[in-house]
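The primary structure of each chain is shown beneath.
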Amino acid sequence: MVNYIWAVLIIAGTVVGIATGNAAAVESAAIEGAKEAALLCISLAGAYALWLGLLNIAKEAGLIESLARRMRGVISALFPDVSKEDEASGYITLNIVTNMLGMGNAATPFGLKAMKALQASNPCKHSATDSMCMLLIINASSVQLLPLTVIALRGAAGSSAPAEIVLSALLATTVTTFVGILAGKIFQRTGRCR
Amino acid sequence: MQIVTLISSLFVPLFIGGIVVFGLAKKVSVYEAFIKGAKQGFTTSIRILPYVVGFIFAIRIFTASGCFDFLASLLSPLLKPAGIPPEILPLALLRPFSGSAAVGALTTILNRYGPDSFAGRCASTFMGSSETLFYTTALYFGSVGIKKTRYTIPAALISEVSGLLASVFICRLLF
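As they're listed, the protein sequences go chains A and B. Count the first sequence with our numbering and you get residues 1 to 194, in order. Count the second sequence with our numbering and you get residues 1 to 175, in order.
Check the hints yourself; a few may be wrong.
Derived DSBU-like pairs: lysine-lysine, alpha-carbon spacing no greater than 35 Å straight-line [as the list claims (entries may be wrong)]:
(1) A:Lys185 / A:Lys125
(2) B:Lys27 / A:Lys35
(3) A:Lys125 / A:Lys35
(4) A:Lys116 / B:Lys148
(5) B:Lys36 / A:Lys125
(6) A:Lys116 / B:Lys36
Residues from chain B that keep clear of chain A, each with C-beta distances beyond 10 Å, as calculated [what the hints assert, rightly or not]:
(7) Ala38
(8) Ser73
(9) Ala156
Derived coverage of chain B by chain A (criterion: at least 3 residues anywhere in the stretch with Cβ under 8 Å from a Cβ of chain A; other residues may be distant) [what the hints assert, rightly or not]:
(10) 48 to 54
(11) 62 to 72
(12) 76 to 90
(13) 112 to 123
(14) 127 to 138
(15) 145 to 152
(16) 160 to 174
Hints were generated in silico from the structure; no laboratory data involved. Yeah, the Cβ is synthetic: ideal placement off N, Cα and C, and Gly gets one too.
Isolated chain A, as found in the complex (with noise of 0.2 Å):
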């Protein structure tokens, strides 16, 4: 799916854009974009050092063990194959309190992490677990308690309140996690791999 829509992206921004003769804006955004996404990556080479220090000083401290524990049965409702000595489930923790905390930087390692431990328990290498498409949507759908970088935006637009926005943003972000996670739970059945 991913496939289609990234080539839908790009064949209708070369073909429109050469013939509505912006083929040179095309070019440099194509250039600039890339030449951006590569600075943003070496530029969280730090941040991820940091996170990823900081999870081994608490995986070897065993903090991670017993917050998998702790949390078993929260993660087992949403994540039904994570077995129950799966370090999966203290990376998904972690995963999703850092979005909560809107620590999108931390999350990112720890989400990679907990993607490793669920792909080594699962039976078909190719085809995405029911755990991994749940911990993907919750991801997608934003669990952040404190939306900083907005309200940041609205100070510096010039808003008499900016941090106003606090009580529906986290509205909206308590339905759009409730909605993402019914819908996955009742697409959960289809196409599994056997």
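Please build the complex by placing chain B on the supplied structure of chain A, with the hints as guidance.
Coordinates of chain B only, in the frame set by chain A:
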């Protein structure tokens, strides 16, 4: 409100300090453990690079070609009957693709219509209710070599549309 921002500003330092204190209490050689984990930082950032480049450059081509404006003008008449301010359409369309593009779209809305306008409040509310979907999906599944993403994208898109509708509804009630 002050209290909420205070707590959130204290959280990260407490989180960092707490892990180190806990590690010491459990007799972990914390510095060595940190370095061991941190070594994966650079490889992780390099590993995500192709996925980030793939989506950022695609969405840039799409917007620069004029496709995006055309799509937005095509869809905006559909929004009015649903009571959704058409001003927030660019944000809604960009949100699943790129975080930085969504920040750009939100900034445009806030500056053009005002952060305290109805469109500005709806856009701000919606921004906090969903995340970049396509890039995250490509990255998370790509990192472990999974090709079939099954129902991930449909379910997440349903969630995003519900966020758009909920944001407008909630803003009508609250403001």
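Comparing the hints with the structure gives:
A distance of roughly 21 Å separates the Cα atoms of Lys185 of chain A and Lys125 of chain A; the hinted pair therefore holds under the 35 Å criterion. Between the alpha carbons of Lys27 of chain B and Lys35 of chain A the distance comes to roughly 44 Å, so the proposed pair goes past 35 Å and is violated. With a C-alpha separation of about 33 Å, the suggested pair Lys125 of chain A and Lys35 of chain A falls inside the 35 Å cut-off, and the hint holds. Taking the CA atoms of Lys116 of chain A and Lys148 of chain B, the gap is about 16 Å. The hint holds against a cut of 35 Å.
With a C-alpha separation of about 28 Å, the suggested pair Lys36 of chain B and Lys125 of chain A falls inside the 35 Å cut-off, and the hint holds. A distance of roughly 18 Å separates the Cα atoms of Lys116 of chain A and Lys36 of chain B; the hinted pair therefore holds under the 35 Å criterion. The beta carbon of Ala38 of chain B sits about 3 Å from the closest Cβ of chain A, which is not more than 10 Å, so the claim that it is off the interface is violated. At the 10 Å boundary, the C-beta of Ser73 of chain B stays outside the reach of chain A, the nearest C-beta of that chain being 13 Å off.
With a closest Cβ-Cβ approach of about 4 Å to chain A, Ala156 of chain B is found to fall inside the 10 Å limit, against its non-interface label. For the segment 48 to 54 of chain B, the stated coverage by chain A is satisfied: 5 residues place a CB nearer than 8 Å to a CB of that chain, which reaches the threshold of 3. Counting residues of the segment 62 to 72 of chain B whose CB falls under 8 Å from any CB of chain A gives 7; the rule of at least 3 is met. Here the segment 76 to 90 of chain B counts 0 residues with a CB under 8 Å from a CB of chain A, which misses the bar of 3, and the coverage is violated.
With 5 residues carrying a beta carbon less than 8 Å from a beta carbon of chain A, the segment 112 to 123 of chain B meets the three-residue requirement, and the given coverage holds. For the segment 127 to 138 of chain B, the assignment as covered by chain A holds, since 11 residues bring a beta-carbon within under 8 Å of that chain's beta-carbons and 3 suffice. Residues of the segment 145 to 152 of chain B lying with their CB closer than 8 Å to a CB of chain A number 8, which satisfies the three-residue condition for coverage. Note: the segment 160 to 174 of chain B has 8 residues with beta-carbon separation from chain A under 8 Å; the three-residue rule is met and the coverage holds.
When the structure is compared with the earlier hints, violations turn up for hints 2, 7, 9, 12 and for no others.
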